Amino acid sequence: MIYQKMAIPPRSEHLWRYTPWPRIHPSSPDEVPDVVDLVFSVDGGHTLEAIEELENSHDDIARAFLHSAGGSKNRLLISQDSDIIQVHVRATGNIAVGHLHLDVKASCAVLIHLSGEAEWVGIHVTGNVQPNTQIAYGFINELDTNTKFLRCEDWLVERDGELEHATLSIGGSRCKSDLRSTLNGTGSSIRQSVTANAVGSRHDDEHVEIHHLHGHTFSDLVMNSACSGSSHFIATGLLTIAEGANKTDASQVFRNLLLSKKARAEAIPELEVLADDVSAAHGAASAPVDPNQMHYLMSRGLSPDESQALIVGGFLLNAFSNLTNKYLTEEMQTRLTVHLECELKG
Amino acid sequence: MGEAVTEEVLRVENLHVSVEGTPILKGVNLIINRGEIHAVMGRNGAGKSTLANVVMGHPAYEITEGRVFFKGSPLEELEVFERARAGMFLSFQYPASIPGVQVGNFLKKSVASVRDEPPKGRAFRKELNAAMEKLSMDKSFLSRYVNDGFSGGEKKRLEILQMLLLEPHLALLDETDSGLDIDALRIVAQGINEVAVNSGCLIITHYQRLLDLVKPDFVHAMIDGVIIKTGGPELALRLEDQGYDWLDVAA
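In order, the protein sequences belong to chains A and B.
The first sequence begins at 1 in the working numbering and counts up by one.
The second sequence begins at 1 in the working numbering and counts up by one.
These are calculated hints, taken from the structure and not from any lab test.
Predicted model, so just to flag it, every value in this text is computed and none were measured.
Keeping only pairs whose Cα atoms sit at most 35 Å apart, straight-line, the calculated DSBU-like set for lysine-lysine is:
| hint | chain 1 | residue 1 | chain 2 | residue 2 |
| --- | --- | --- | --- | --- |
| 1 | B | K126 | A | K326 |
| 2 | B | K109 | A | K262 |
| 3 | A | K326 | B | K120 |
| 4 | A | K326 | B | K134 |
| 5 | A | K345 | A | K262 |
| 6 | B | K108 | A | K261 |
| 7 | A | K326 | B | K108 |
| 8 | A | K345 | B | K109 |
| 9 | B | K108 | A | K262 |
| 10 | B | K109 | A | K326 |
| 11 | A | K345 | B | K126 |
| 12 | B | K109 | A | K261 |
| 13 | A | K345 | B | K108 |
| 14 | B | K120 | A | K345 |
| 15 | A | K326 | B | K139 |
Just some of the chain B residues that point at chain A, by a computed CB distance under 7 Å:
| hint | residue |
| --- | --- |
| 16 | I98 |
| 17 | G100 |
| 18 | S113 |
From the three backbone atoms N, C-alpha and C, an ideal C-beta is built for every residue, glycine too.
For reference, chain A alone in the conformation it holds in the complex (with noise of 0.2 Å):
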């Protein structure tokens, strides 16, 4: 759909209603100002494909504003196996827009990391995951703390195909991610995990939506975050699983961890199951941090402070634990754990 003949989503809208459209788009929302183009980078020996057109089937909002915006469009093609592909992104200017198709025929490892001072970034990225291929995917959010930044992925994972998606959000003012990924055969399977450390006035509102088309299929999500000052963070998720998925396994955790009285966090899993004989399980908690763990780590001479910043940093970096691939964990950990320091350093 054309975006300017969209009508903007009402707040009714599971997906709107935290993040209303009009908060998110970089200026007003009948709008599609100019933008600059997303720097794609890649690592090693894989070369990004210049493409020229995408197409705009869109019926979502973002997506449709993102298509009309325009910016970089790139396409990383995956045929042979590699350990891990690093895509460095840069956002420069006012308004930055860019995409990014990855077409998976064999099994990798690829780590996106965000990075810049632009005012406002907007990233689209798709992928297909072809039959009995693997991906590792890592997306690190590291903007800059005044940016506004909106992302969509869309993700099909063809039968016997597996998706590991990780997210790493440490950047920018006001994100809103919209993360959809459809296991459209059997045997497919997704395991993913978001990881938020929301401080200040941070506001990040994460929505993931895992589309179980067919039987056999496989998904894990954990989403954690902490929230210090007056911050809020949002983690919705919606979990279909189609009328005749039959053996499906699915399951949704969301953690928050309030860290202040002002900070403010929402966790709401969504479930729609049609299918008869599926396991299907969400659950979600937020919480201050654990007495008793900080009273542990006291009793073995750590200050408060260092032992609430173990405790948060054991917490987030917990959200990776159901990724197998050793690579991605290893980088995303890494990445955590050097932002944790430097925000204990000031």
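Got chain A; can you put chain B on it based on the hints?
Just chain B now, kept in the frame of chain A:
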């Protein structure tokens, strides 16, 4: 021959403690000197764990009367972490699990907090390996998350490993023997005996079997928040044999 100088580690004077307004300890007196092993025995709810926790400074407990001194200095003003840094250690009955925090990282931070000189990488690894070997602990422990998914025996071994590394002046061991099989008990007892040479030890237990391996100098029977009788190792044997009913009259 010169007379051995006793070095007082812990002195508890007329200690009264409440939890949410309910009195638990009702006048406990206890002195532990360096090199001494004291065992406290009593029924469930007698106040044994409360004594260990309040000495370590757990915030849930309120001292309503009496005082506690560590190496001659009053403890009231010291936070939990300051007590640990001063040389006090509590082996927890139910240690908290800390998901996401690796044992190796936690041990290094803990040792660095307690010692004046933070441990150097290679030297610390050597020391850590030696301590783990004593406790028959596999190195894979170090990459696991603190107490997360540990069996009862693994938790207790980790507690003793920490005690060996932190080298406390006062070790409080709260039912460290519970949930251990006989082999694990022997290993844990070996760790306690090693630390006990240079520190004061307070062992809280229900069972004689640990005291067969760790010889107490004093055994205290606690009834309803008061130490009602103190004796030598023979008292533990009698308690094991006859229970606590015979002490109720005295209580």
